[in-house]
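> Sequence:
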Amino acid sequence: MRRLLITIVAILLPWLSFTQVIKDLELIGPENEGYIPVYKNQQWGFINTNGDLVVDFRKDLFSNKEVTRETDLGIASQKYPAIYDDRGIIRKTINKIPYYGFIDTTGKVVIEPEFLNVSPFRNGYALALKIEEKFIGRNDLLDIKIKSYAYDVVLIDKNGDVMQYLAGPFPVGVSREKLRTAPKIEAKYLSDDLIGVRTPEKKWEVIKLDPSGI
Numbered sequence: 006m007r008r009l010l011i012t013i014v015a016i017l018l019p020w021l022s023f024t025q026v027i028k029d030l031e032l033i034g035p036e037n038e039g040y041i042p043v044y045k046n047q048q049w050g051f052i053n054t055n056g057d058l059v060v061d062f063r064k065d066l067f068s069n070k071e072v073t074r075e076t077d078l079g080i081a082s083q084k085y086p087a088i089y090d091d092r093g094i095i096r097k098t099i100n101k102i103p104y105y106g107f108i109d110t111t112g113k114v115v116i117e118p119e120f121l122n123v124s125p126f127r128n129g130y131a132l133a134l135k136i137e138e139k140f141i142g143r144n145d146l147l148d149i150k151i152k153s154y155a156y157d158v159v160l161i162d163k164n165g166d167v168m169q170y171l172a173g174p175f176p177v178g179v180s181r182e183k184l185r186t187a188p189k190i191e192a193k194y195l196s197d198d199l200i201g202v203r204t205p206e207k208k209w210e211v212i213k214l215d216p217s218g219i
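When the letters of the sequence shown are read in order and numbered with my numbering, they come out as residues 6 to 219.
Note that these hints are calculated values from the structure, not bench results. Just so you know, not all the hints are guaranteed correct.
What the hints assert, rightly or not - Straight-line C-alpha distance at most 16 Å; calculated EDC-like pairs for lysine to aspartate or glutamate:
(1) Lys84 to Glu36
(2) Lys64 to Glu31
(3) Lys45 to Asp77
(4) Lys45 to Asp29
(5) Lys84 to Glu71
(6) Lys189 to Asp162
(7) Lys135 to Asp109
(8) Lys135 to Asp162
(9) Lys207 to Asp90
(10) Lys193 to Asp166
(11) Lys113 to Asp77
(12) Lys97 to Asp77
(13) Lys113 to Asp90
(14) Lys163 to Asp90
(15) Lys213 to Asp197
(16) Lys70 to Asp90
(17) Lys45 to Asp61
(18) Lys97 to Glu117
(19) Lys101 to Asp65
(20) Lys193 to Glu182
(21) Lys163 to Glu117
(22) Lys135 to Asp166
(23) Lys97 to Glu119
(24) Lys193 to Glu71
(25) Lys207 to Glu191
(26) Lys135 to Glu119
(27) Lys139 to Glu117
(28) Lys28 to Asp57
(29) Lys163 to Asp109
(30) Lys189 to Asp77
(31) Lys84 to Asp61
(32) Lys101 to Glu119
(33) Lys163 to Asp91
(34) Lys163 to Glu119
(35) Lys207 to Asp157
(36) Lys70 to Glu31
(37) Lys189 to Asp166
Stated by the list, open to error - Just the calculated beta-carbon pair ranges, DEER-fashion:
(38) Lys213 to Lys139: 16 to 22 Å
(39) Asn164 to Asp29: 35 to 41 Å
(40) Glu137 to Asp198: 36 to 42 Å
We put the beta carbon where it would ideally sit given N, CA and C, even for glycine.
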């Protein structure tokens, strides 16, 4: 009897261990690098090409209902969540302003949302808009500090460390009204090592990517 039971289990095991079924999905995005975005209950997750849910459903994975056709390598060109170079873009709203960071392929946050815009990773690096705060004075009558803000286009590595400054600073007002839409990353990849970036003077510069040069 025991031998018969073992035989039956051995026969059924491939069926019992068959890939899990993901039900009630509302959207399925395109596969990229072995990961497929899936959507239900106002949350995105990722399955792999075996159908396994590898990143659980969550609210912070970024997507767009519409994408831009203009020159913008940032989030405006990303219709669906996607994994590039083992990194996926997430969004977090802080003081009513959206900031962007990244998770890895397990769903762990590896780059905290602190950038005004980001591009997908490419060859181990991504573009990001890094905001800086500068103290410029004080209003004694209202007893408040007066600050100015600007951002730079930077090259970051897969840990979020800035490897190279590419363009800026671009003055920006930090408010929900001013930053309802992320500032553009106006850039063009010209080759693996060259990038064209638009400057604050609205001119273009061709820059050699050199992560070791900061």
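> For each hint, tell me whether it holds in the structure or not.
Quick rundown of the hints versus the structure:
Using a Cα cut-off of 16 Å, the hinted pair Lys84 and Glu36 holds, with the two alpha carbons roughly 13 Å apart. Taken as a hint, the Lys64 and Glu31 pair is honoured in the structure, with Cα atoms around 15 Å apart against an allowance of 16 Å. Of the supplied pair hints, the one linking Lys45 and Asp77 is violated, its CA atoms being roughly 28 Å apart against a limit of 16 Å. Distance hint between Lys45 and Asp29 is fulfilled; the C-alpha atoms sit about 7 Å from each other, no more than 16 Å.
Taking the CA atoms of Lys84 and Glu71, the gap is about 6 Å. The hint holds against a cut of 16 Å. Note on Lys189 and Asp162: the hinted pairing is violated, with a Cα-Cα distance of about 20 Å set against a maximum of 16 Å. For the given pair, Lys135 sits about 20 Å from Asp109 by alpha-carbon distance, which is inconsistent with the 16 Å threshold. Simply put, Lys135 and Asp162 have alpha-carbon atoms about 13 Å apart, close enough for the 16 Å limit, and the pair holds.
As the CA atoms of Lys207 and Asp90 are separated by approximately 31 Å, the hinted pair breaks the 16 Å bound. A distance of roughly 21 Å separates the Cα atoms of Lys193 and Asp166; the hinted pair therefore is violated under the 16 Å criterion. For the suggested pair Lys113 and Asp77, the alpha carbons sit about 27 Å apart, so the restraint of at most 16 Å is broken. For a cut-off of 16 Å, the pair hint linking Lys97 to Asp77 is broken: about 20 Å separates their Cα positions.
Of the supplied pair hints, the one linking Lys113 and Asp90 holds, its CA atoms being roughly 14 Å apart against a limit of 16 Å. At most 16 Å may separate the alpha-carbon atoms for a hinted pair to count; Lys163 and Asp90 meet this at roughly 9 Å. Simply put, Lys213 and Asp197 have alpha-carbon atoms about 9 Å apart, close enough for the 16 Å limit, and the pair holds. Restraint check for Lys70 and Asp90: the C-alpha separation of about 24 Å exceeds 16 Å, so the hint is violated.
For the hint pairing Lys45 with Asp61, the CA-to-CA distance comes to about 11 Å; that is within 16 Å, so the pair holds. A C-alpha spacing of about 9 Å is found between Lys97 and Glu117, which places the hinted pair at or below 16 Å, so the restraint holds. Under the criterion of a C-alpha separation no larger than 16 Å, the hint pairing Lys101 with Asp65 is consistent with the structure, at around 15 Å. Pair hint Lys193 plus Glu182 does not hold up; C-alpha atoms about 28 Å apart against a cutoff of 16 Å.
Pair hint Lys163 plus Glu117 holds up; C-alpha atoms about 11 Å apart against a cutoff of 16 Å. Restraint check: the Cα-Cα separation between Lys135 and Asp166 comes to about 11 Å, which is no more than 16 Å; the hinted pair holds. Of the pairs offered as hints, the one joining Lys97 and Glu119 holds, with about 9 Å between alpha carbons and a cut-off of 16 Å not exceeded. Between the alpha carbons of Lys193 and Glu71 the distance comes to roughly 21 Å, so the proposed pair goes past 16 Å and is violated.
Restraint check for Lys207 and Glu191: satisfied, since their Cα atoms lie roughly 10 Å apart, inside the 16 Å limit. Distance check on the hinted pair: Lys135 and Glu119 sit about 8 Å apart at the alpha-carbon level, within 16 Å; holds. The hinted pair formed by Lys139 and Glu117 fails the criterion: a straight-line CA distance of about 22 Å is larger than 16 Å. Of the supplied pair hints, the one linking Lys28 and Asp57 holds, its CA atoms being roughly 12 Å apart against a limit of 16 Å.
Of the pairs offered as hints, the one joining Lys163 and Asp109 holds, with about 9 Å between alpha carbons and a cut-off of 16 Å not exceeded. Our distance criterion of 16 Å between C-alpha atoms is met by Lys189 and Asp77, whose separation comes to about 6 Å. This hinted pair does not check out: Lys84 and Asp61 have alpha carbons roughly 19 Å apart, beyond 16 Å. Proximity of Lys101 to Glu119 is assessed by CA-CA distance (about 13 Å); at most 16 Å being required, the pair is judged to hold.
A C-alpha spacing of about 9 Å is found between Lys163 and Asp91, which places the hinted pair at or below 16 Å, so the restraint holds. Straight-line distance between C-alpha atoms of Lys163 and Glu119 comes to about 14 Å, which keeps the hinted pair within the 16 Å bound. Distance check on the hinted pair: Lys207 and Asp157 sit about 14 Å apart at the alpha-carbon level, within 16 Å; holds. Taking the CA atoms of Lys70 and Glu31, the gap is about 14 Å. The hint holds against a cut of 16 Å.
A C-alpha spacing of about 20 Å is found between Lys189 and Asp166, which places the hinted pair above 16 Å, so the restraint is violated. Distance hint check for Lys213 and Lys139: the Cβ-Cβ separation is about 29 Å, which falls outside the suggested range of 16 to 22 Å. Against the hinted window of 35 to 41 Å, the Cβ-Cβ separation of Asn164 and Asp29 comes to about 36 Å, which satisfies the hint. As the Cβ distance of Glu137 to Asp198 is approximately 27 Å, the hint placing it in 36 to 42 Å is violated.
The structure fails to meet hints 3, 6, 7, 9, 10, 11, 12, 16, 20, 24, 27, 31, 37, 38, 40 from the earlier list, while all remaining hints are met.
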